[in-house]
Amino acid sequence: MTGFEVGIGGVGLWMPGYSGVESWLAGVPDPEHAQPSGRAFDRMNRRRASQLGRALSDALAESGVQAGVDASTTPTVVGSAIGEGCTMVGLLEQIFSAEDPVSPAAFSVSVHNAAAGLISISNKNEGFASALSADSDTPAASLIEGIGLVATTGAPVGVVCGDEPVPIHLLSEGQRWSLQAAAVTLVPLESNTKCLARLRVVLDGAPDLVPAELDLPGSRNPQAGMVDLVAAVARGQTGCVRLDRGTGRGYCAVVTSAPIS
Amino acid sequence: MPAPRVRPLCVTDYANLNALGGSRSEILAALAAGRSGLGSPTESFGFTTAVGEVRTELPDLEGELSAWSTRIARMAGVLVAELEEPLRRARKRWRPERIAVLMGSSTGGASATEVAYRHYVEQGALPADYSFQRHHTFNALLNVVGELSGAKGPAWMISTACTSSAKPLATAQRLMAADIIDAAIVGGVDTLCALTLLGFQSLQALDRQPCRPFSSERSGISIGEGGALALVERSGEPRVLVEGVGETSDAYHISAPHPEGRGALGAMQVAMSQAGCSSKDIDHINAHGTGTHLNDATEGIAIAKLFADQVPVVSTKGYTGHTLGAAGAIEFAFASYAIEEGWIPPSLNCEPLDESAGIFISKTLLKGDFKRVLSNSFAFGGNNVSVLVRAP
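Chains as they are written, first to last, in this note's numbering: chain A, 1 to 261; chain B, 1 to 392.
This is chain A alone, in the form it adopts within the complex (with noise of 0.2 Å):
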């Protein structure tokens, strides 16, 4: 579907335990890591940001890094399906349950771009940003942005894509997921950016790539796909990899070799 193809320089991961994408691949947790750092955040703006905003923060940063893209000028996309629902509902909490004023500064990190906001704020980086939600193809249509800016500006783009899980009052047991954030530097082909591999975007892929090993929790969130795609580059792995888990309108993400420098 999209015929446009581009060049994946780096990529990032936060999952609960795992500090990046070297040690999930690893296998072994790190309990110093059950929670993201929000690193890349300055102080200020750490102690701003959720935990949904930190492992957006912390997977999109490792994925710049490996690509050796400024992030003071790098357009960044962020998808998430929910958003900063978590603080969305304490406020409602605040509101009908507590009865009390509601916190000027949860209201003004309630918004779906709050992520998005903090980190061009972190990184001084007064171009681009954005956040949309596509449910469980927040992956593909975050990926399909990314490569609409790629195809216009011809420079790098940060791709994140994350959730944290729903107020447990919203979601029946069985629905309910766990945070993670997975992360892709777009860059074009034809630049002399770093590329582990080439990508497009299809709605008519024949998927032959394992998805990742995620536990259940993991398995449900919106954003699992975009972790398949994270785990088959860093692994090397070329073929089709589904984006929303069988539970979207079926993208694909098709995964070659990169160019050869």
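These aren't lab readings, by the way, just hints derived from the structure by calculation.
Take the hints with a grain of salt, since some may be wrong.
Per the computed footprint, the stretches of chain B lying under chain A, defined by three or more beta-carbons under 8 Å from a beta-carbon of chain A, are [claimed, not checked]: (1) 123 to 136; (2) 237 to 250.
In the SDA-like style, the derived pairs of lysine to any residue whose C-alpha atoms are separated by at most 25 Å in a straight line are [stated by the list, open to error]: (3) Lys92/B - Val210/A; (4) Lys367/B - Arg239/B; (5) Lys152/B - Arg200/A; (6) Lys152/B - Pro207/A; (7) Lys152/B - Ala206/A; (8) Lys152/B - Gly250/A; (9) Lys152/B - Arg249/A; (10) Lys124/A - Tyr252/B; (11) Lys124/A - His253/B; (12) Lys124/A - Ala256/B; (13) Lys152/B - Thr152/A; (14) Lys152/B - Leu61/B; (15) Lys92/B - Arg245/A; (16) Lys280/B - Gly342/B; (17) Lys152/B - Gly205/A; (18) Lys152/B - Arg245/A; (19) Lys194/A - Leu209/A; (20) Lys92/B - Arg249/A; (21) Lys152/B - Ala178/B; (22) Lys152/B - Gly3/A; (23) Lys152/B - Lys194/A; (24) Lys367/B - Ser23/B; (25) Lys152/B - Thr247/A; (26) Lys367/B - Phe307/B; (27) Lys152/B - Asp204/A; (28) Lys92/B - Val202/A; (29) Lys124/A - Lys305/B; (30) Lys92/B - Leu203/A; (31) Lys152/B - Val202/A; (32) Lys305/B - Arg46/A; (33) Lys124/A - Leu306/B; (34) Lys124/A - Thr73/A; (35) Lys124/A - Gln269/B; (36) Lys194/A - Ala178/B; (37) Lys152/B - Cys240/A.
Covered by chain B, according to a simulated footprint, are these stretches of chain A (three or more residues, beta-carbon under 8 Å) [unchecked claim]: (38) 78 to 84; (39) 104 to 116; (40) 125 to 133.
Cβ coordinates follow ideal geometry from the N, Cα and C atoms, glycine included.
Guided by the hints, dock chain B onto chain A, whose structure is given.
Just chain B, lined up with the frame of chain A:
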């Protein structure tokens, strides 16, 4: 980075719904008369403020979509119905898989979840008919618009607070440039909800009276609701063209604008650069103009740097209120009215005018040949969008 040159988007048709009404004639009549849609809220929130509520009848969604029939989805339904004929033509012209649904919303289904959550607090369980997926998520709205319009292309919701529904215009341009789509339904909707009213109240950003953008006596925003959708195509017979969309970040503060309006300035510059034009080619600006001290002051600084007092500026927030995630799309429609109708409405409640910015705030209905119009939207997260609309 230089702004990429992209082909102008053909805007085949557009529909607008807000506190002034649900039809073009109703909205134009109110704008021409300088009649505000702001009034007291139907629901009490424990403080005095003015809001721009949609009073247009919003029919329930029918058939299989009846389970998705929230207020925001019904607003979207009204807007899609307005575009029925051009959509039918577009589906003949382009494959439905090449027609995207690119929308923007800040609140999404928050108002439905508020009702459900109140029920949860009072009775210990969510209402039996509440569904998080069908009533809260952005995807619910995408599903409704996709089903009603017959568009089967890529679909997503941009949610960047108050720039949400302006950004899809840029996305559509890019996806056409990358040959991913041929047409798109773009725009967005937002509804009034307690969360946003109480949130802005907590920031001490709400005016107790109808808002007064660019007045020296302004004291905050009035929240509104509504939406606008446009059908944009790769080619065709446009009512207006979108020549450029500037998207920047302040990189300054999560909820306060850059004091010198750097991001706002940059967004307007990028939009003009994409269009290959300069400040002297701009005939009118529909300002973000929310009515807070900081927002209007910093936007004024940015406008003054580019246009001094040579271009008439209007904030339409005094008519509709600040419709948050829907503002970009609604005000894109207002910018298009200026081009198509040849007049701009007075900037309501702007007197006594804040003269400090040195820009030309239009206090009366102004007739003219408006060929190129900028529409500004700025948001939490330091997110800025400026849309350049041009006569065909």
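Results for each hint:
no. : hint                : result
1   : 123 to 136          : holds (count 4)
2   : 237 to 250          : holds (count 4)
3   : Lys92/B - Val210/A  : violated (39 Å)
4   : Lys367/B - Arg239/B : holds (19 Å)
5   : Lys152/B - Arg200/A : holds (19 Å)
6   : Lys152/B - Pro207/A : holds (21 Å)
7   : Lys152/B - Ala206/A : holds (20 Å)
8   : Lys152/B - Gly250/A : holds (13 Å)
9   : Lys152/B - Arg249/A : holds (10 Å)
10  : Lys124/A - Tyr252/B : holds (8 Å)
11  : Lys124/A - His253/B : holds (10 Å)
12  : Lys124/A - Ala256/B : holds (15 Å)
13  : Lys152/B - Thr152/A : holds (24 Å)
14  : Lys152/B - Leu61/B  : holds (19 Å)
15  : Lys92/B - Arg245/A  : violated (33 Å)
16  : Lys280/B - Gly342/B : holds (18 Å)
17  : Lys152/B - Gly205/A : holds (17 Å)
18  : Lys152/B - Arg245/A : holds (20 Å)
19  : Lys194/A - Leu209/A : holds (24 Å)
20  : Lys92/B - Arg249/A  : holds (23 Å)
21  : Lys152/B - Ala178/B : holds (18 Å)
22  : Lys152/B - Gly3/A   : holds (18 Å)
23  : Lys152/B - Lys194/A : violated (35 Å)
24  : Lys367/B - Ser23/B  : holds (22 Å)
25  : Lys152/B - Thr247/A : holds (17 Å)
26  : Lys367/B - Phe307/B : holds (19 Å)
27  : Lys152/B - Asp204/A : holds (13 Å)
28  : Lys92/B - Val202/A  : holds (23 Å)
29  : Lys124/A - Lys305/B : holds (22 Å)
30  : Lys92/B - Leu203/A  : holds (21 Å)
31  : Lys152/B - Val202/A : holds (14 Å)
32  : Lys305/B - Arg46/A  : violated (34 Å)
33  : Lys124/A - Leu306/B : holds (23 Å)
34  : Lys124/A - Thr73/A  : holds (8 Å)
35  : Lys124/A - Gln269/B : holds (19 Å)
36  : Lys194/A - Ala178/B : holds (22 Å)
37  : Lys152/B - Cys240/A : holds (22 Å)
38  : 78 to 84            : holds (count 3)
39  : 104 to 116          : holds (count 10)
40  : 125 to 133          : holds (count 9)
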